[in-house]
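Based on these hints, arrange chain H on the given structure of chain Z.
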Amino acid sequence: MNTRYTSTAIFLHWLAALGLVGTFALGLYMQELPLSPAKLQLYSWHKWAGIALLALVVVRLAWRLANRPPALPEGTGRLAGLAAHAGHWLLYGLMLAIPLSGWMMSSAQGFPVVWFGVLPLPDLVGRDRELGALLKDVHITLNYVLLAVVIGHVAAALHHHFVRRDGILGRMLPFVSRARGEASLERPAP
Amino acid sequence: MKMSLFRSLALATALGLGAVGAAAAAPYTALDAKASSITFGYSQMNVKMDGRFGELKAREFRFDPAQPGQARVHIEVALGSVDAGYEDANAELRKDEWLALDAHPLATFVSRDVRALGDGRFEVTGELSVKGNTREVSVPVVFQEEEGKGVFTGSFTFQRADFGIGQGQWKDFGIVANDIEVGFQLVARSS
Numbered sequence: 003m004n005t006r007y008t009s010t011a012i013f014l015h016w017l018a019a020l021g022l023v024g025t026f027a028l029g030l031y032m033q034e035l036p037l038s039p040a041k042l043q044l045y046s047w048h049k050w051a052g053i054a055l056l057a058l059v060v061v062r063l064a065w066r067l068a069n070r071p072p073a074l075p076e077g078t079g080r081l082a083g084l085a086a087h088a089g090h091w092l093l094y095g096l097m098l099a100i101p102l103s104g105w106m107m108s109s110a111q112g113f114p115v116v117w118f119g120v121l122p123l124p125d126l127v128g129r130d131r132e133l134g135a136l137l138k139d140v141h142i143t144l145n146y147v148l149l150a151v152v153i154g155h156v157a158a159a160l161h162h163h164f165v166r167r168d169g170i171l172g173r174m175l176p177f178v179s180r181a182r183g184e185a186s187l188e189r190p191a192p
Numbered sequence: 647m648k649m650s651l652f653r654s655l656a657l658a659t660a661l662g663l664g665a666v667g668a669a670a671a672a673p674y675t676a677l678d679a680k681a682s683s684i685t686f687g688y689s690q691m692n693v694k695m696d697g698r699f700g701e702l703k704a705r706e707f708r709f710d711p712a713q714p715g716q717a718r719v720h721i722e723v724a725l726g727s728v729d730a731g732y733e734d735a736n737a738e739l740r741k742d743e744w745l746a747l748d749a750h751p752l753a754t755f756v757s758r759d760v761r762a763l764g765d766g767r768f769e770v771t772g773e774l775s776v777k778g779n780t781r782e783v784s785v786p787v788v789f790q791e792e793e794g795k796g797v798f799t800g801s802f803t804f805q806r807a808d809f810g811i812g813q814g815q816w817k818d819f820g821i822v823a824n825d826i827e828v829g830f831q832l833v834a835r836s837s
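Here the protein sequences come in this chain order: Z and H. Residue numbers for the first sequence follow this note's numbering, beginning at 3 and rising by one. Residue numbers for the second sequence follow this note's numbering, beginning at 647 and rising by one.
In short, the hints are calculated from the structure, not lab data. Honestly, I wouldn't trust all of these hints.
What the hints assert, rightly or not - Some chain Z residues judged to face chain H by a derived CB distance under 10 Å, without partners named: (1) 37; (2) 38; (3) 40; (4) 114; (5) 115; (6) 144; (7) 145; (8) 146; (9) 150.
All values derive from a computational prediction rather than experimental measurement. The C-beta atom is built at its ideal place from N, Cα and C for all residues, glycine as well.
In isolation and in its complexed conformation, chain Z is listed as follows (with noise of 0.2 Å):
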C-alpha cells in the first residue's frame, strides 16, 4: 500500500492551494476599490482564476476517485479519522461550491463571464438584482466557511508534523522521497 499521495495529487493539491490563497486575497481587496479600469480588470482576473480552480477542483475529484489516497496511519482514532474524511470533503464541496456562487452571482448581477476575456460562458441564472445581493452574500459566507475550514486543515497538519511526527504531511509534500516518507511512518506513535 501506497504510503504517499501520488505526484499528481500533490501537484494539484498545492495548486488549488496557491489558487485558493491567490484568489481569495484578490477578492477581499478589489471589493473595497473605488471603480476604476483597474478595480473591473481585478475583478476579471478573479472571475477568470475562479473559473479555472473550478476546473481544477473537478480535475482533482476525477483524480481522487480514480485513484484511492493513502490510507490514514494506524492507531489513527475512529473519531479522528471521520473528522479527517469529513473535513476533506467538506473542502471539496466548498471548492465547487464558492466558484459556482460566484459565477451565478455573476451572471444574476448582469455581469456575464468570459474566460480569459475569450471564452463566454453561460449564464447559471437569469438578470436579477435581489438575487445577485443574495448569492453575493452567499458568496462571501462560503469564503469565509473556507477560511475556517483551511485553517482547521492547516493546523491538523501542521499538528501531525510538530506535535504527533507521523509524517503525514510528508505525504502530501513535494520533493520528499518514498523512502522519508515511510521511514518517518515507522516511527512508533507516541
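What follows is chain H alone, placed relative to chain Z:
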C-alpha cells in the same frame, strides 16, 4: 382631381415600398415615451454589457410613411435616467470623465434626412449631440404598424471618444471599448 392623383401616387409609392396599409393611417406625430425604450451596449474586456435610459421625449415628431422625406424627429434623452446595471456604474457615469451630467443633462438626436429603403426600412440621417459634441450619424430604422401605433426599431453604433465620453483613466479602450451600440424602439401615435 390633381390632389387625388397625388394621393394615389403616394399610396402606390407606399405600397411599392412595402409599407402596406401605412398610407391609410394618419401621420405619426406623437411619441409615446412610456412605451418607447432606448438601450445601449458596449464591450468591457470582451464581456457584452448593456444598459438603458428610462427618460426620453420628443421635441418634434412627424413621420408619414407615405412621405418619409418630410419626416422630422427631434428626440431628447435625459442622461440622468441611465441605468448601466449597477449603482457604482450609474454614479460613475454622472462624473465629468463620462457624461458630465451637471453640465450636459441631455443627449439629443435631430433628424436631417429620411430616406426610404423599401420593405418598411428607412435610413435616418441626423445629428447626435452628447456632452456638447455633435456628430452626424446614420441610423437604419425598421418601421412597423401595430394596433394603430407606429413602431420604429433600430440600432446604430458610435464611438465614445468622438464625444469625449470616458476620459482620464477611462480613455484607454482596453477595459471599456470605444464602440457604443445604441438600440431603440420608439412607439408613436397619430394624435
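Now the hints, each set against the structure:
1. Satisfaction of the interface hint for residue 37 of chain Z is found here, the shortest Cβ-Cβ separation to chain H being roughly 5 Å, below the 10 Å cut-off.
2. Using the Cβ-Cβ criterion of 10 Å, the hint placing residue 38 of chain Z at the interface with chain H is satisfied: the shortest such distance is roughly 6 Å.
3. Evaluation of the residue 40 of chain Z hint against chain H yields a held restraint, the C-beta minimum of about 8 Å falling below 10 Å.
4. A cut of 10 Å between beta carbons decides the hint on residue 114 of chain Z: the least distance to chain H is about 6 Å, and the hint holds.
5. Taking 10 Å as the C-beta contact cut-off toward chain H, the hint placing residue 115 of chain Z at the interface holds, the least distance being around 8 Å.
6. The interface hint given for residue 144 of chain Z is broken, as the beta carbon of that residue sits about 22 Å from the closest beta carbon of chain H, more than 10 Å.
7. The beta carbon of residue 145 of chain Z is not positioned within 10 Å of any beta carbon in chain H (closest approach about 21 Å), and the interface hint is therefore violated.
8. Given the 10 Å rule on beta carbons, the hint for residue 146 of chain Z is violated: about 23 Å separates it from the nearest Cβ of chain H.
9. Violation of the interface hint for residue 150 of chain Z is found here, the shortest Cβ-Cβ separation to chain H being roughly 30 Å, above the 10 Å cut-off.
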